[in-house]
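Take the sequence shown: its position 33, counted from the start at 1, is 81 in our numbering, and no numbers get skipped.
One or more hints might be untrue.
Below 25 Å or equal to it, Euclidean Cα-Cα: the simulated DSS-like pairs (lysine-lysine) are [said to hold, decoys possible]:
id	residue 1	residue 2
1	86	102
2	66	51
3	104	89
4	120	89
5	61	51
6	120	86
7	86	104
8	102	120
9	104	120
10	89	51
11	102	89
By construction, these hints were calculated from the structure, which means they are not laboratory data.
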Amino acid sequence: MTKAELIDAVSQKAGVSKADAERTIAEFFGLVVSSAIKGDKVAWPGFGSFSNSKRKARIGRMPQTGAPVQVK
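Start from the sequences, fold in the hints, and give me the full structure.
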């Protein structure tokens with residue numbers, strides 16, 4: 049499902065405008081991201097859980113050039 053499809057579905061199911069649905073969805077995901085950044089775990093049973101995790105740096109590759117790059 050694309051973002052546009054999600055907005056359409058929420059708009060229709062909730063009986064609100066697409067603009068209102070888009071603002072609500074954006075605010076929801078903004079809250080999930082800001083909570084994860086603060087170190088909180090956001091759990092929604094039946095949907096998923098979101099948290100921020102630390103990983104050690106590694107060497108990756110730039111897709112366009114193949115050049116090595118450090119991923120932090």
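Checklist line | Pair hint residue 102 and residue 89, alpha-carbon separation not exceeding 25 Å | finding: holds, 14 Å
Margin query: Does residue 86 sit within 25 Å of residue 120, going by the straight-line distance between their CA atoms?
Written below: Holds. Residue 120 to residue 86 sits at ~18 Å (cutoff 25 Å).
Notebook entry, point to check: Is the Cα-Cα distance between residue 66 and residue 51 25 Å or less?
Noted result: holds, 12 Å
Check: Under the criterion that the straight-line Cα-Cα distance not exceed 25 Å, is the pair residue 86, residue 102 satisfied?
Finding: holds, 13 Å
Margin query: Next pair to validate is residue 120 with residue 89; report whether the Cα-Cα distance is within 25 Å.
Written below: Roughly 21 Å separates the two Cα atoms, so the pair holds.
Check: Quick one, are residue 104 and residue 89 close enough, alpha carbons at most 25 Å?
Finding: holds, 20 Å
Notebook entry, point to check: Regarding the pair residue 61 and residue 51, is the alpha-carbon distance no greater than 25 Å?
Noted result: Status holds; Cα separation ~15 Å.
Note to self: Need the status of pair residue 86, residue 104: alpha-carbon distance at most 25 Å?
What the structure shows: Holds: residue 86 and residue 104 sit about 19 Å apart, inside 25 Å.
Margin query: Run the distance test for residue 104 versus residue 120: straight-line Cα separation, threshold 25 Å.
Written below: With a Cα-Cα distance of about 7 Å, the restraint between residue 104 and residue 120 holds, given a limit of 25 Å.
Check: Do the alpha carbons of residue 102 and residue 120 lie within 25 Å of each other, as the hint requires?
Finding: holds, 9 Å
Item checked: residue 89 paired with residue 51 [C-alpha distance capped at 25 Å] -> holds, 23 Å
Hint violations for this structure: none, all hints satisfied.
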